Every structure is written in C-alpha cells, then in structure tokens.
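**Student:** The residues making up each chain are set out below.
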Amino acid sequence: MALLEIKGLKKQFGGLLALGGVDFHIAEGEIVSVIGPNGAGKTTFFNVISGMFAPDEGEIIFDGRDVSGLTPDQINRRGISRTFQNVRLFQNMTILENVMVAQHSHTHKGVFPALFQTPGFRKEEREIRERAREVLGFFGTRLVGYRFDQPAFTLSYANRRRLEIARAMATQPRLLLLDEPTAGMNPSETAELTGLITKLRDERGFTIVVIEHEMKVVRDVSDRVVVLDHGVQIAEGTYDQVSTNEDVIEAYLGRPAEAH
Amino acid sequence: MIEPITSPRVDLTKAVRLGAIAGVTAIFIASIGMVEVFDTRSVIDPILSLGYLSLAWIPILFGYRVTFQPVLEGMEAPRKGPHNLIGGAAAGIVGGAMMGAFLLLIDAFDVRGILLNVTPDLVEIIGFEQSAIVGATILVALGGVLGAAGGGFHLLSDLWRRSVTSAFVWILIIGFVELVLGNVFKGVGLRFLDDVVFSDNRGVTAGAAAVIAVSVIVLHVRFAGKASAARQRYLALPEAKRRSTGFIVATSMMAVGLVIPSVFGPFLNEVLATVGLFMLMGLGLNIVVGYAGLLDLGYVAFFAVGAYTAAVFTSPLTPGDFSPELAFFSALPFVIIMAAIAGIIVGTPVIRMRGDYLAIVTLAFGEIARLVFQADWLKGTFGGAQGILRIGEGQIVTLFGYVLVAVGVVVSLIGFLRWRFARADQDDSSAKVAGVWIGFGTVATVVGLLFPGFASWTVTGIDSEAVFRLVLIFVALAAFVSWRLQDSRIGRAWMAMREDEQVAETMGINVVTSKLLAFVIGAILAAVGGALFAVKIGTIFPSSFKIVQSIIILVVVIVGGIGSLRGVAVGALVLIGVLGGPTQPGMLREFQEFKLLIYGVLLVYMMLQRPEGLAPSARRTRELHGDELKQDVWLGKGEEGEA
Chain A
1345 MALLEIKGLK
1355 KQFGGLLALG
1365 GVDFHIAEGE
1375 IVSVIGPNGA
1385 GKTTFFNVIS
1395 GMFAPDEGEI
1405 IFDGRDVSGL
1415 TPDQINRRGI
1425 SRTFQNVRLF
1435 QNMTILENVM
1445 VAQHSHTHKG
1455 VFPALFQTPG
1465 FRKEEREIRE
1475 RAREVLGFFG
1485 TRLVGYRFDQ
1495 PAFTLSYANR
1505 RRLEIARAMA
1515 TQPRLLLLDE
1525 PTAGMNPSET
1535 AELTGLITKL
1545 RDERGFTIVV
1555 IEHEMKVVRD
1565 VSDRVVVLDH
1575 GVQIAEGTYD
1585 QVSTNEDVIE
1595 AYLGRPAEAH
Chain B
34 MIEPITSPRV
44 DLTKAVRLGA
54 IAGVTAIFIA
64 SIGMVEVFDT
74 RSVIDPILSL
84 GYLSLAWIPI
94 LFGYRVTFQP
104 VLEGMEAPRK
114 GPHNLIGGAA
124 AGIVGGAMMG
134 AFLLLIDAFD
144 VRGILLNVTP
154 DLVEIIGFEQ
164 SAIVGATILV
174 ALGGVLGAAG
184 GGFHLLSDLW
194 RRSVTSAFVW
204 ILIIGFVELV
214 LGNVFKGVGL
224 RFLDDVVFSD
234 NRGVTAGAAA
244 VIAVSVIVLH
254 VRFAGKASAA
264 RQRYLALPEA
274 KRRSTGFIVA
284 TSMMAVGLVI
294 PSVFGPFLNE
304 VLATVGLFML
314 MGLGLNIVVG
324 YAGLLDLGYV
334 AFFAVGAYTA
344 AVFTSPLTPG
354 DFSPELAFFS
364 ALPFVIIMAA
374 IAGIIVGTPV
384 IRMRGDYLAI
394 VTLAFGEIAR
404 LVFQADWLKG
414 TFGGAQGILR
424 IGEGQIVTLF
434 GYVLVAVGVV
444 VSLIGFLRWR
454 FARADQDDSS
464 AKVAGVWIGF
474 GTVATVVGLL
484 FPGFASWTVT
494 GIDSEAVFRL
504 VLIFVALAAF
514 VSWRLQDSRI
524 GRAWMAMRED
534 EQVAETMGIN
544 VVTSKLLAFV
554 IGAILAAVGG
564 ALFAVKIGTI
574 FPSSFKIVQS
584 IIILVVVIVG
594 GIGSLRGVAV
604 GALVLIGVLG
614 GPTQPGMLRE
624 FQEFKLLIYG
634 VLLVYMMLQR
644 PEGLAPSARR
654 TRELHGDELK
664 QDVWLGKGEE
674 GEA
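Going down the list, the sequences are from chains A and B. When we follow the working numbering, the leftmost residue of the first sequence carries the number 1345, and every step to the right adds one. When we follow the working numbering, the leftmost residue of the second sequence carries the number 34, and every step to the right adds one.
Worth flagging that the hints you see were computed from the coordinates, not collected in a lab. As the structure is a computational prediction, the values presented were derived from the model and not from experiment. We treat Cβ as the ideally placed atom computed from N, Cα and C, and that holds for glycine. You may find that some hints are simply not true.
With a Cα cut of at most 27 Å, we get these calculated DSS-like pairs of lysine-lysine [stated by the list, open to error]:
1) B:Lys412 / B:Lys579
2) A:Lys1467 / A:Lys1453
3) B:Lys113 / B:Lys47
4) A:Lys1453 / B:Lys113
5) B:Lys412 / A:Lys1467
6) A:Lys1453 / B:Lys465
7) B:Lys113 / A:Lys1467
8) A:Lys1560 / A:Lys1543
9) B:Lys274 / B:Lys259
10) B:Lys579 / B:Lys274
Some residues of chain B that are not near chain A, with every Cβ distance over 10 Å (derived) [to be verified]:
11) Thr198
12) Arg275
13) Phe367
14) Leu450
15) Arg517
16) Ile523
17) Gly524
18) Ala529
19) Met540
20) Gly541
21) Asn543
Partial list, derived from the structure: chain B residues whose beta carbon lies under 10 Å from chain A [stated by the list, open to error]:
22) Asp44
23) Val49
24) Arg50
25) Ile54
26) Val57
27) Thr58
28) Phe513
29) Arg525
30) Asp533
31) Val536
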C-alpha cells in the first residue's frame, strides 16, 4: 500500500493555477524525485503536503488517513517532515538546540517538571540531547563537537543544509520531503549528499520525496521520477524513461522549431 | 592661520552643523524648564549644579563628535592634533552663540505666553547672574572652551579617556545615590561620612569629588585590562559553571536585598518596592516579548486584572455583595486563576497575528481592560471611576518564618533527591549543584527557626520596608520561573517560534498552545504584580492602569536587554529606581517632571547605539551583531571560519 497517496490536488493563488490536479503516490521505502522547470509548482506541492497551505481540492492520504486541511504541526506529528529550498534554520539557536527543538512533539514535560527539574524532566532532557547528537552524528565529521554550541548562522552553506536535514530527521518522520537539498553545494559536497540521501533510506528507513534540479543527483538517488510542469504531472517513470520523454524535453527546452 | 601640515583640515561644515544641533538641544532643555528645576541640586558643590550640567554636557559631546572617526578594521588610526581642539571649539562656539542669542531674546522679550517655563529665574541662571549681553558673551566663550575640551578628548590615550570618563561618571553616580549612601552611613553609624561626602544641597563636596576622581583614575590605571581579562575568563568557563556562578550571585544579591531595607529610609524603601514591582512585571513581559517574541503592548490589562481581583477578594468595602474579605495570601490563588483566564481571553483572538498587528490589537486590549473596570455597567463589582478602597485592610499577614522553613525543607529535599539521582548517574557536577541546594535549604530552615520574630511577620501597606521584602520574594520567584523555563522544552519551542513561526510549526510545535502558555505565564506574573500594587497602595482606580504603564514596562525590558534576566533587573533599577515609575518618584525627584522625555530619549539612544540593551543576553547580542561577528570571522579575528 502506498504510504502517501495524493489524488487530484489543486491549489490556486488568485489567477495562477499552481497545482492543477496532481496525482501522486509513494510506497514505503521508496525515493521519488520531483523535477520540473522553475515555476512548475514543485515547492507549492511540498507546501501543500506539509500543511503550510490548505489545498483547494483533492485528497492527501497519508498512512491510510486524509491529512489535507490539518495544521503543519499536526501533519508533522503524523510523520511528514521537510526541509526548505531557501534553508530556514533557527539562526540564533545553537546547532544542538535546532535539533533538540525538533523533538518537541515527541516529548511531553511541561511547565511544572521544568520548574522543579524532576528526575523525569532531567531524563527527558538528556534523551533529547542524546538523540540530537545521534542524529547529527549521521553526517559524520561534518557537524561535530565544538560546533554544537555555536549559533546556526555561523555554519557554512553546505552545513546549514545538512543541519536542516538533521532537524527534519529529529522529528522522527516516516516521510521526508527534501526541497533542493544540493542547491548551492559544490560538486564534491553534492556527491557526498547524494550518498547520504540513499543512506537515509537504507539505514534509517525514511521514505523520501526530493525536489532536485541537479540531474546527476536525480539519476543516482531516484527509484522513480515525477515531472511537473505548470502544476500538472507531464511524465512519470524511471530516470531513463523520463529523460528521454519528449514532453519532458519540451518542457525544459521548448518545442523544436521544425514542429511548428 | 598656520596649520601644521600633519594635521588634517577641520571640517567646518560639520562643526557648524553639529554646533547648531547642540544649540537647539541646549535651547530646548532650557526652555522646557529642566535647567531651572535641576539647578536646586548640586553635582559637585559649589562648582557645578545639576542645572548647569544639563547644559554643559552638550558642547562637550558635540565637540567630541566633530572630529570623531570610527576605528575600522584595516584603516589607519585617526590622527590626533590641533584640529581636534579647533573643531570642538568651533562647534561649541556655534552652540554657545545660539544659546547666547536665546538669552538675549528672552531677556528682551517676554515669551512666557508661549514658553511657559522661560522664567526670569532661568534668565538669571543661564546669564550667570550678569546682564544679558555679558551673559551671552560668557555663553559663547564657555561653549568654545567646553567644545574644545570635548574635542581634546581625542588627544588623550584610550586608557586616560576611559579613566577620566569613568571618574566623572562615578562622581555623578555617587551624587545621585546621595540618599542611599546617606542612609547607609546613618544605618551603620558613620553619620559623619555623610557630612564629609555630601553637601547640604545633595551634591558631592568638591573635596570628596577630587578624592573619588583620583581613586577611580588610579584604579583604572592600575587595573587596566584586568577587568576585561577577568570577563574573558568568566566567559570561557563552561556553561554549567557560569550558570551556577550566576545562581550563587543572584541568591547572594537576594539575601543582601532582604537585609538592606533596614538601613534605608522609608522613601528609599518605597522606591525599591516600586522597582521590585516593575521588575516583576518586566520579568513577565520578558517571557512574552523576549522569549516568545510576541509584542504585547496591552500588558497593563493583566496588571489591572490582578489588582482588581485582589481588591475584590480582600477589601471589606467592595461595591457589590461579593466581599469575601480574604487575607492577601488566600486571595492570591484567585488572582492567579483570573490572570490565567485573562491571558487566554486576550491570547486566543490574537494567536494568528504577528508583529505590528499583534502590537496594535494588544494595545487595544489594554485600553479595553481599563474601560471595563471603569464602566458604569460593572460599577456594582469594580466601583467604576471611584475604584475600590481599603484593599487588604492595609494588612498582608504573612508567616514569613514558617514560609522560610517550609521553603528550606522543600529545597533541601529536592537537593537530596537530586544528589541521589546524580550519584546514581555518577555525575559529579550535578552532585555539586545538589549540594548547593541542600546548603541553601538548610540555611533557610535554620534562619527561619532561629528568628522567631520573622514567624509573625505582619506586613502593612504603609510599612514600605516589609512591602519591599515581600515584593522581592515574588521577584525571586519570577526570576526562578523565567530561568528554569528558558532552558526547557517549552523555552526552546518559544525561541524557535520567535525565530520563524512557520518553520517551528512545520517542526511539530503547536504554536497555538505555545503562544497561549507564554501569554498565561506573563499574565500571571503581571497579575501578582498588580495584586501587590493594590495591597501596597490600599486603593485602586481605573486611572492607575493607563497604557503608559505598558509602555514603561516595555521600555524597562528593552533598555535592560530583551530576553535577559539581568537586563530586566538593571532596566528596572536604572529607569524606575533612578527616574521613577509612571506616578511614583524615583531617587532623583528632580527628574519627575521630565521622566517621560528622558525615557524617550533613552529609548531612541538605545535603539541606535545599543539595541541589545544595557545587560543583554549573549544570544541577543549575537543576533544583533551577527554581521559584525561574521566580519570578524572573515577577517580571521574570531573563531575559526568554515569547515
């Protein structure tokens, strides 16, 4: 059964039809890439799934239940987490805090335990901290040690992207939505992250939808590729199928001159 | 005029421009009556009165600014030379000339019809009791000299500049706290010191001023760099150690605070109680604005709810039939419940609003609250414009000794539990912290048992000493709550929400409950402040709860440093302690009339020069000076750069 199943998803901003009835499905353990030219509606697609915008029409069925219209925090608690195209960290919180705060919905101690520092509270704090370190450890030597107590804004661009993924992982989702995870990275960093995306699925068991412009990454990570253009799906299949599809080439490069 | 080749030319346009600003400032200060009011108090007797000081700083500051150059990385240091003096003098002369012209004008024409405060006395003061033309000449000359002195500051080395400035600041501070020191001297039996140090008109005597100046300068030269080195060492300590140091410092200050009112006079205790009330409310607002990032301008509403609840529950003269006449501490739970309800009522509709919109709507709620309490509709409950009288019957009976014993026992028990817990984890540092808990708990218990006088501690509203102690206990509680919450799951959620609400929501934080929680906790602290205010004054009217209250609490938090506990304490001490609350006087009673003006000037200055506040939190400094930090990193000055 599909982990996420989307039927006829529509989203309109004034006169602009950002999503014009998208159907989409992803099975547990799959990695699906969403590609398309700029303005195709990819990020809007993520925004609607993660609850930042309510869809105008259509169903979003996650794990057998309709989640459309829920608030972002409810959706996150059901098990969908995401990163952002334009890296949105909590800049002035430390790296560790960024990952700690993402465990909010899995922890419960409120005001009074915090005031009296009950053993339960201290235990939970320790667990949060340990889990944060463990999640950051996934990125190997990139995000370690002395950096944990520095504010997030001191990180390099590539590390900010890594931290954002770590933060999304810390919410313990089943489905990860990665919005252009390699944007702005140099080729070696891109290659490294490509490996990590696969590792995220193989070792951590996340199901992953990734928006990506870098075709090499798309080729290396995807089980399946979905192509959007003007808010509708124009092709779907393996990387090889999609990359030779005429509609896709047309969407990216325009109609060949002799066709007129 | 022959200029040395090495000296840069004086930028006369700049000098004239700054001089003109100085002139306008001086005329403004003189014509609002500040000079005249301040002239009754001396700063250094008999040389300088506060009135003259309120003008004299202007040419000095602007003279300094004329040739001021920011020192930037990679640029050569600004050159020193006669141009510093000339530029300063030029600005001073321009300012002095404007002031002189103003003097001639008010001497020749009667402008009191427009400028109410331009009295013949003012003419006397700024004319140095000479004829107008002579006075004007003196003003020009004096402007030039003071301006040159200001410019001459550039000629001093950094160390001397700092020494001289701080010598002067210390003379000012000691002069300002004359009342405090005088009372302390009396309290510890050193009355004669009061006569030696202070003159009759409340200034420092010239001899004492010289002694202070010399000792401050000597200390500066002797310990140059040591203070900042110590600060660096402190900052280099591990977080846990810094926190426990902070905790110990705060507790010791609390202990001093409990003892010190006995040596202060009633007036100072009154001031301190007001400071404490504002600290309490500042701490509450700090949670809402500083931690959760919700700009609440209607905070006074909660203050009013607390005051009215306490009034209705304790006063025998409530307007309606409902009059339980409870003691203060029995009424307190109701105050807290009402505050929480008010927090939810105000919080719920504004949850989805951000920034400016939130500020405007909360502002309206603040005003609505006052109008509700004033309304004829609820006159049967809240007494309308006549307010409520005889609150708490002037008595807040507390069994302080027993409270102390109870707190001590609880603290010791928690400490003991933590110690066992730490031992099980083999966590040495927590075991030490637990030891500190046990220590404080035991001391509190012993003190509580040893001083039976405390056991029947009766606080009446007019006993300012006792009221202050009571307020201080609540301040300590509020500080404790803020301190603990800051570094908890909830504190982190607030912080994330303040940084980026949308992302926080996507990361699973329920922003609705988080915001409401911030509102409710803030409301409770303000309401407790309101309840204390009500029993302290004994009478409340709707007019005690104007919008300006909210604004002043916000100014306290901003000037002190948003998000910082120390900041709120410093802000309240400086603003409320020195200048006074909205209706209550501060230590400088002369400032009473000009308080709002000074608040405003201070706020503008802080926003421009030091937006992180007087005693900022490390986090906030980073936030506001992050770009500079990045620059340092780029220049290889700061921490190691990128991986």
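**Student:** Does each hint hold? Answer for all of them.
**Tutor:** Checked hints:
no.: 1; hint: B:Lys412 / B:Lys579; in the structure: 19 Å, holds
no.: 2; hint: A:Lys1467 / A:Lys1453; in the structure: 10 Å, holds
no.: 3; hint: B:Lys113 / B:Lys47; in the structure: 17 Å, holds
no.: 4; hint: A:Lys1453 / B:Lys113; in the structure: 61 Å, violated
no.: 5; hint: B:Lys412 / A:Lys1467; in the structure: 52 Å, violated
no.: 6; hint: A:Lys1453 / B:Lys465; in the structure: 25 Å, holds
no.: 7; hint: B:Lys113 / A:Lys1467; in the structure: 61 Å, violated
no.: 8; hint: A:Lys1560 / A:Lys1543; in the structure: 17 Å, holds
no.: 9; hint: B:Lys274 / B:Lys259; in the structure: 21 Å, holds
no.: 10; hint: B:Lys579 / B:Lys274; in the structure: 43 Å, violated
no.: 11; hint: Thr198; in the structure: 32 Å, holds
no.: 12; hint: Arg275; in the structure: 12 Å, holds
no.: 13; hint: Phe367; in the structure: 20 Å, holds
no.: 14; hint: Leu450; in the structure: 7 Å, violated
no.: 15; hint: Arg517; in the structure: 5 Å, violated
no.: 16; hint: Ile523; in the structure: 6 Å, violated
no.: 17; hint: Gly524; in the structure: 8 Å, violated
no.: 18; hint: Ala529; in the structure: 5 Å, violated
no.: 19; hint: Met540; in the structure: 5 Å, violated
no.: 20; hint: Gly541; in the structure: 3 Å, violated
no.: 21; hint: Asn543; in the structure: 5 Å, violated
no.: 22; hint: Asp44; in the structure: 38 Å, violated
no.: 23; hint: Val49; in the structure: 43 Å, violated
no.: 24; hint: Arg50; in the structure: 38 Å, violated
no.: 25; hint: Ile54; in the structure: 36 Å, violated
no.: 26; hint: Val57; in the structure: 39 Å, violated
no.: 27; hint: Thr58; in the structure: 37 Å, violated
no.: 28; hint: Phe513; in the structure: 8 Å, holds
no.: 29; hint: Arg525; in the structure: 4 Å, holds
no.: 30; hint: Asp533; in the structure: 6 Å, holds
no.: 31; hint: Val536; in the structure: 5 Å, holds
Going through the hint list in order, the structure does not satisfy hints 4, 5, 7, 10, 14, 15, 16, 17, 18, 19, 20, 21, 22, 23, 24, 25, 26, 27.
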